[in-house]
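Chemist: Read off the chains here:
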Amino acid sequence: MSRNDPAADYDGPPDYRVIGRHALFPQTSHDEIERINFLAQMNRHLAANVVPGVKQAYEKRVVPAFEAAEGRPIANRHEAREALLADPAFQTWSAMRRMTMEQRQQAGRWTALRQSEQLAEKARELTEGDDRLKLDPALQQPRYVSAVDHHCMPGSYHTEYFPGDVTNGANYDHAGFVTTSGLLGKYSDGGGHAVARWVKRNLPDFQPRQILEIGGTVGHSSLPLAQAFPEAEMTIVDLGAPVLRYGLGRAKSLGVDNVRFVQASGEDLSIFPDASFDWIQTTMFLHELSTGSLRRIMAETRRLLKPGGIVLHVEQPQYAPEMPLFEQAMRDWDAYYNNEPFWSRMHEMDLDAEMIAAGFERDQLIHGGVTAVVDRDLFPDAADDDKEDYGRKAAWHVIGATV
Amino acid sequence: MSIADALRGAGAKPAGKRPYFLDAEVERVLAITMSIAQELAVSRQRTDTLERLLLEKGVLSQGEIDAFVPDRAAATERALWNQEYIARILRIVQQENEAVGRPDDIASEDVAVEVGAES
Ligand SMILES: C[S@@+](CC[C@H](N)C(=O)[O-])C[C@H]1O[C@@H](n2cnc3c(N)ncnc32)[C@H](O)[C@@H]1O
Numbered sequence: 001m002s003r004n005d006p007a008a009d010y011d012g013p014p015d016y017r018v019i020g021r022h023a024l025f026p027q028t029s030h031d032e033i034e035r036i037n038f039l040a041q042m043n044r045h046l047a048a049n050v051v052p053g054v055k056q057a058y059e060k061r062v063v064p065a066f067e068a069a070e071g072r073p074i075a076n077r078h079e080a081r082e083a084l085l086a087d088p089a090f091q092t093w094s095a096m097r098r099m100t101m102e103q104r105q106q107a108g109r110w111t112a113l114r115q116s117e118q119l120a121e122k123a124r125e126l127t128e129g130d131d132r133l134k135l136d137p138a139l140q141q142p143r144y145v146s147a148v149d150h151h152c153m154p155g156s157y158h159t160e161y162f163p164g165d166v167t168n169g170a171n172y173d174h175a176g177f178v179t180t181s182g183l184l185g186k187y188s189d190g191g192g193h194a195v196a197r198w199v200k201r202n203l204p205d206f207q208p209r210q211i212l213e214i215g216g217t218v219g220h221s222s223l224p225l226a227q228a229f230p231e232a233e234m235t236i237v238d239l240g241a242p243v244l245r246y247g248l249g250r251a252k253s254l255g256v257d258n259v260r261f262v263q264a265s266g267e268d269l270s271i272f273p274d275a276s277f278d279w280i281q282t283t284m285f286l287h288e289l290s291t292g293s294l295r296r297i298m299a300e301t302r303r304l305l306k307p308g309g310i311v312l313h314v315e316q317p318q319y320a321p322e323m324p325l326f327e328q329a330m331r332d333w334d335a336y337y338n339n340e341p342f343w344s345r346m347h348e349m350d351l352d353a354e355m356i357a358a359g360f361e362r363d364q365l366i367h368g369g370v371t372a373v374v375d376r377d378l379f380p381d382a383a384d385d386d387k388e389d390y391g392r393k394a395a396w397h398v399i400g401a402t403v
Numbered sequence: 001m002s003i004a005d006a007l008r009g010a011g012a013k014p015a016g017k018r019p020y021f022l023d024a025e026v027e028r029v030l031a032i033t034m035s036i037a038q039e040l041a042v043s044r045q046r047t048d049t050l051e052r053l054l055l056e057k058g059v060l061s062q063g064e065i066d067a068f069v070p071d072r073a074a075a076t077e078r079a080l081w082n083q084e085y086i087a088r089i090l091r092i093v094q095q096e097n098e099a100v101g102r103p104d105d106i107a108s109e110d111v112a113v114e115v116g117a118e119s
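So the sequence lines, in the order shown, correspond to chains A and B.
All residue numbers for the first sequence refer to the working numbering, where the first residue is 1 and numbers rise by one.
All residue numbers for the second sequence refer to the working numbering, where the first residue is 1 and numbers rise by one.
It is worth saying that the hints were derived from the structure and are not from the lab.
The structure displayed is predicted, hence computed values, not measured ones.
A portion of the hints provided could be inaccurate.
[Claimed, not checked] Within a straight-line C-alpha distance of at most 16 angstroms, the following computed EDC-like cross-link-like pairs (lysine to aspartate or glutamate) qualify: (1) 186/A x 375/A; (2) 252/A x 130/A; (3) 17/B x 102/A; (4) 55/A x 340/A; (5) 387/A x 130/A; (6) 17/B x 340/A; (7) 186/A x 340/A; (8) 13/B x 102/A; (9) 186/A x 327/A.
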C-alpha cells in the first residue's frame, strides 16, 4: 500500500467512459454514465466488503445454529442456502444484490428505450439487404427462455417492442458493465479473446474455416474468434432477433466482416448439413438452457462437427465435492434469486458423461480454464483478482472435445 | 416511443416472481433508499464534473471550494436550507412525536361515523 495515495491504491472498476463504442452503441448522458458507475461500484462493494461478512455469519452463526438444531452438519448446498436465508447478513446482502440488478436493468433500459427509434433506424441502415442477417419470425421461444426473464432482464433477449427494434440488444450491450465491473474489457469481449488465445496456445496447428457459436447474443464472445481467424467464416446463432440485428450492426461498425447472424435454436440446426463446422463454441450459455435442450444441443454439435473439428463450452466451474458448501450455496444465488433457473442443476451435471452420451469419445474430451483477456492499462484483470463474486467473476472452465 | 412509455418500460418487472429477503415493508423502503443513494451519487458526480470544468476554464482555482467561507448572510441562508431540508425529510418523526402529546386524537374514520349519525 502506498501511503495516503488513494489513486495508487485504487482497486475497482474503471470509469465507464473507457468503454468502447460503435455505431449502434446507445448515447449515454453524463448522469446515465454515473448511474452505471455507481451500480458497478455497488456490485464491487457487495463482493469485496459485504460478502466477507456473510461468510463470517455462515461460519459463526448459521453452521452452529444448524448443528445445534439438527445434531449433524449441513449436508449439501441446498441446506446451506436454506439455513443462510434465515440469517440477517445473508438477507441484507441478498436484498441489495437483487436491488442492484433491478436498478441496473431500469437504468440500462431507460437509456436504450428513450432512443429506441434512432437505434432501430441505425440498425436498419447497417443491416438492410445484408444477407449476413437471417431472421426467422416463426421461431418459437422455448419454455426455459420464456418462463422467467434471465438475470431480471425484462423481455429477455428476444422481445421486440416494434418491428426492427434492437432495444434489448442495446440494453444488454451497454450496461452489462455493471455486473462485470469492467472485467470483460473495452468491448465486453474479454471472454472471447480468452478463448481465442486458449485455442491458439493449445491447438497451434488448428486452422478453422467454419466456426459456429450457439447463443452468441450480440457477438461479445464471437467476434474475437472471427478476428483471431480472419480466413474463417463465423456463424452466430441465437434465439433473439433484437440481439442478432444489433449484433450484425455492431460487428460491421467494428470492422469485423467475416460473420453472419442467424436466428435459430441450437436444439435444431437442421438448416446446416452434417459436418458443417470445424469449431463450435458456446460461452456462458449452457446455464441458460434446460436438461433436455442441453442434451439436444450437444447432440447437434456432434452432428455438425467436421472430422478433426472441436467443440468448446466455456462456463463457470462445476460444483465438485472439494468446493466448500458455502461457496456452492453462494454460487446458487443467481439460480434462485436472479432468474437463472437452470444454473444450479447445470452446475452439478456430469458434463463429461453428457458429452459422451452425445457421441463424443472419452479420450477425446478437452478440459481447461481461462480468464478474461482485457486491455490491462484500463481494465482490471480477472487473473489478478482475488475477490470472488460467486458466479460472476471473469474466470471460467472449458470443457470440450475433438472428433 | 413516448417518454411515458419509455419510463414505464424502463421500470418494467421481469417475468418471474420477485423474492423477498426481508419483511416486505423493510425491503420496499430499502429499495427506495438504494435508488435515492444512486441518484445522490449521480448528483455528486455532476457537481464534481462542474467543478472540474470551472477549474479547467479558470473560473475557479484549485482549493477554492474547500477554502470557501460563506459570509454571514450566505452562512445563514445555507444553515436555514439545512434545517428546512432535515425538517422535510423527517416529517414522520415529527408527526409521530406530536401524536404522543395528543392521546385523545381521533381518526377521521371515527369522526365520519359520528358526524354522519342521524342525531
Ligand atoms: C448468457 S447469453 C450468452 C452470452 C454470450 N455467449 C457472451 O458470452 O457474450 C445466452 C444466449 O443464449 C441464447 N439462447 C438460449 N437458448 C438458446 C437456444 N436454444 N439456441 C440458441 N440460442 C439460445 C439467448 O437468446 C442468449 O442470447
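Chemist: With reference to the structure, classify each hint as holding or not holding.
Modeler: So, going through the hints one by one against the coordinates:
1. 186/A x 375/A: Satisfied, since the Cα-Cα distance of roughly 7 angstroms is no more than 16 angstroms.
2. 252/A x 130/A: 11 angstroms, holds
3. 17/B x 102/A: 13 angstroms, holds
4. 55/A x 340/A: Violated: residue 55/A and residue 340/A sit about 23 angstroms apart, past 16 angstroms.
5. 387/A x 130/A: 44 angstroms, violated
6. 17/B x 340/A: Holds - the C-alpha atoms of residue 340/A and residue 17/B are around 13 angstroms apart, at most 16 angstroms.
7. 186/A x 340/A: 26 angstroms, violated
8. 13/B x 102/A: 9 angstroms, holds
9. 186/A x 327/A: 29 angstroms, violated
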